Amino acid sequence: MSWGLIFATTKIFHFSHALTLTLAVYAAVLAAGPWGIGLPAGFALAAGAGCLVGLATELAVYRPLRRVHASQLNIFLASLGLLIAGQSAVLIAFGPQARTLEGFPMTGIALGPVAFTTIEALWVVASWLLIGLLMAWLWRTRHGRAIRAVASNPELAQCLGVDRERVFLLVFAVGSALAGVGGALLALRDTASPTMGVQPVLAAFIAVFLGGIGSIPGAALGGVVLGLAENMGGLVLPGYWQGVIAFVVLFVVLVVRPSGILGARGR
Amino acid sequence: MDFWVHVLNMILLLSILGMSLNLLLGYSGLVSMAHAAFFGVGAYAAALSARHLGLPFPLTLVVAVALTTVLAGLVTLPALRVRGEYLILLTLAFQMVLYELMLAWVDLTAGRTGISGIPRPRLFGRALVTPLEFLPLIALCALGAFAIAWRIGESPFGRVLKAMRDDERATLAIGKSVLRGKVLVFCLSGGLVGVAAALFAHYQAFINPFSFTLDRSIFLVALVVLGGTANLAGTLVGALLFVGLPEVLRFLQARPEIVDAVRDLVFGVLLMLFMRFRPEGLLPEHAGLGTLGRAAAPAPGPARATDWLSPSRSALGGAELPLRAEGLEKHFGGIKAADGLGLTLPRGKVTALVGPNGAGKTTVFNLLTGLLPPDSGMVALHGRDVTRLAPWRRVRSGLARTFQDVRLFERMTVLDNVLAAVPDQPGEHLRPLFLAPWRVAAAERRNREKALGYLDFVGLAHRANEVAASLAFGEQKLVALARLVATEADVLLLDEPASGVDAQWVQRILELIRRLAAAGKTVCLVEHNLEVVTAVADRAYFMDAGRIIAEGRPEELMADPRLGEIYFGKARR
Amino acid sequence: MGRIRFRAAISLVALMAWLAAPPPPPVRAAGTLKIGMILAMTGPGAFYGQVMSHGARVAVDQLNRAGGVGGYKLELVIEDHKSGDADAAVTGARKLLDVDKVPVILTSYSAPTLAIQPLAVEKKVLLLNGGGVGSALIGKPALYNTRMLSSQTAPFIIQWAAGRFGAKRVATLFWNDAAGQGVNGAIKETCARLGCQVVAEEPHDLGAKNYSAQLARIRAARPDALALGTFGDDVGYVLNQARAYGLTVPVLGIDWTPNAQKIGGKALEGYVIAVDRFDPGGGDDKTQAFVEAYKAAYKETPEFYAANYYEHVQFILRPLVKRVVDRKGDPTKPGELLAEMQRALAEHFAFPSVYGGEMQLHPDGTVTKPLGVYEVKDGNLALIGRIVGGKVQR
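Residue numbers (our numbering), protein chains in the order written: chain D, 1 to 267; chain W, 1001 to 1573; chain F, 2001 to 2394.
Everything labelled a hint here was simulated from the structure, so no lab data went into it.
Please read all numbers here as calculations on a predicted model, not as lab measurements.
Do not take every clue at face value.
[Claimed, not checked] Reference excerpt, derived from the structure (chain F facing chain D, CB under 8 Å, subset only): (1) K2209; (2) S2212; (3) I2263; (4) G2379.
No residue lacks a Cβ here, since even glycine has one placed at the ideal position from N, Cα and C.
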């Protein structure tokens, strides 16, 4: 959803969202570990760090490119450049080893035949909470409406007095903060490493395109569908084919219904 | 010594890959994030056919090329249905699926363990083992790839590709099939990849999936963009720098654990800087070696023959009306953009379509040209029903249009813009391009003269070699007009030809329109500027809310108060 | 615009050089033997490259301080295969072979090793692999592996499970590559011999981190024991999730690293492995000499992979070089060390092992080393059995 929010509003293929996520998570790791200020503070720090990185990216990279009318592809490549450079910097600074994010116990919970861990329970609760909050914010508040206006018709929105550039900053701030929190949640189970951001962002693309670009609830729906498909597929096919499933799903969606499940049709 | 020859071999292989991608990305504007996967498929094809089927080298190359060509062609099927940015994602998905397949399909590919012991090629009785022994073969293939790519890129076929890159709709509007171009160029690109893949498999004698990851695809795209899109020499330079330079730096005896990270860091930063300051890459499209063979500036000579303008030429179709439309209907949701619309266009006359904003005038053009299929109704060109005919084919049958926003092929030269529209060019087809180059060259010379003639007609022949984007708006409109005439269509639809420019341009444009009509062309224009309409049109249709509500001479229509009310709105009290 | 870009490019190259700049190159002694290494210095496996190079370096420093070997000073030249990139490995190897002219290369990871093996044969260079081993690496000329195949050690965990827990139903979870599949195969064979049943076989991707699908199926099969064909960090992730999903049966395997222990924490308690294992607390005085030197240099207790590469230099290359020198040969010449290895093996020369005692290298590239059964107790490995004459002894 965080990626979908940014893409729907700014139409930028923000690949370096992966870097935002990674840097935010490392901030949390430092907070929970060496700086010892506890996990909740770590989450807050992740959100803050993510927000800052996202804003910096928009201001330092995308805005100047927009001013020289760079093409979609070129913006994507710049985003990629940032990601590559950023990941290398993290590697040089922190070393290649995976770091654990301390502070949340992973214990098993069994509800009848279904077994899962406390971390996964946290994921479910936190995700739906955040999604709910985001949707409420987008639909109920003035800022949220401004964002949706820019997403659906930037020129008209500008005529009505909405400052497009400020809205962009807002979505980058919010989207990146969300990514930071999401990444921190992921790191609880999967640990943090310099290249950790790419897989989640790829999954994010698929979810967004699956659910329909331009539709923010669609991104959430897409995520659910994708998750179900991967895990159901995992039950039927040998485990290591899981990686293929996600992209086959994307491929099928793109071919059959390019606008996605909830997407707006037409040009 | 072997080490540097090895580096050179890798640079050459990378160049072949880069050139194949440049054809897609630089010349055709089609992004492929899947080229590393194609490379992998080709390599596995060569490796498996060598090891399990025992095929010798040249045959494994054929197998690899065949497979990659077909695969690339398959990508186009869904690609044809999706817009630009979706293509990035589609090819990304393709890349990931293929890569995961390579990893997971262990029975075929041995997964991450890879395939080792790929037999060496035997040429003239000797096996090629060392880098030095491989160099001539690889260099020859690289040269061949360059020749093929260059031939394709700088030919009339390449011109259509570039047009497609710059503006797909406009390409359709000059009568060229976009579909054919896309499929062919993907297949060609795939073929070249197959060559590099087979060479790689036999050269390294070992392949595993990690050589064909998404990272490699991304690196290729970056290489092509940084080296210079639509400039093959740029790709060569790029490959040299991106592979050669890090190898040189290896000798700084640095701490190995961070050399690579530092190199990636620099690469990422360079990518960002280039996108900001020099997006056209190191060697841009119209500079340097990549333009070998492009046309030299035309000599300022006497005015060219304009025999195409004389009335006798356009006696096509005899007694039939050039254009007739009946009962055209088009709904968008609840809105009726066209409601039982019918019109006729007589030969040699200028007809105008007027009406308030939102009346559906541009929609009429879209319906007539086929860019928008009607819900019902009929369009007949010279008595022939063309309602079901694809837009680009209608152009070939004699119906063409300009656009309100001009839509020139911005990155091409003025001459190329006009030249692209000339019909029946043998060089746009691959067989004559490679098998009958002399015929292509002769046709090209003739067509150049024709194109310069059209440019002469609008008075811009002296700007022929300038990039279209550098012209003033008024000049661009004139070039668009020349491009329209170049299609040799005799029914010409002009969408707001006089808008957005000041009086002197309007006069020039009107003068040209009059000459066209006098030469027997059938002209129809959409205009808001009523002075223009009175100045040039013989008759006019008045439209409102998707229907034609009046027809007659412009002066008559303008004198009708009812129409005036509709056009200008009711007077305020 | 062009100027700005040009200046930017120049300053970037300068920055690169500065960042990567090293201390000045060491003074070359006359008679230097260069030892090439191709390791995972960057990428997800960078940890391994780091410890492997550290292990070798400890040996090189030790030997150089004692005056070199047979009058030759040793020098390490390290190249990077970026955690498994065969292309990078080949380029790195070519540089080592053509420019540095090394007579021996220490490699790691299957794919890079397989990729450079033909080059080693062509240039008559000795290849030593102390990292991951799979059946694909066996029987390759010029290549000698110093880790036992996990398919050689796996049978013992089944023996242990059958003997100790009376396990009759065994589930397997293994890496989806030659190494993991080799383990799975060996387990199935042993089960067939000992009369237990394999009730679930689940391959998984390396570095997958999410095993829910496989674990769900394994649980459903109700095994008495779970046997892992998993290596490195993944062991930690697997055990974490297995325990969290409520799998309480004994878990056995063929690999354990301190990093996996960090990742798995308490979930690893009771995990049993059978390995040719390097025990920093055990072994003999050779082991202790290594552990002390490594601790002094890097402030850490050395683990398994560091030990292997120390062993390559200290206990394989040193004797080989000495033998060559004693024969009045020149070990830096290509082919000399390789030929000497072949000669030594023909004589059944027993190389010392840093694990304590001796090891036997075989002409087919396999090795026989001291094996033990270990259990994880309080976050550390404790020896609970030895394998002598093919049988497990308490």
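Comparing the hints with the structure gives:
For K2209 of chain F, the suggested interface contact is upheld, since its CB lies about 5 Å from the closest CB of chain D, less than 8 Å. Here the hint on S2212 of chain F is kept, as its CB sits about 7 Å from the closest CB of chain D, short of 8 Å. Nearest Cβ of chain D to the Cβ of I2263 of chain F: about 7 Å, under the 8 Å cut. The hint holds. A least Cβ separation of about 14 Å between G2379 of chain F and chain D goes past the 8 Å threshold, and the interface hint is therefore violated.
Hint compliance for this structure: hint 4 is the single one not met.
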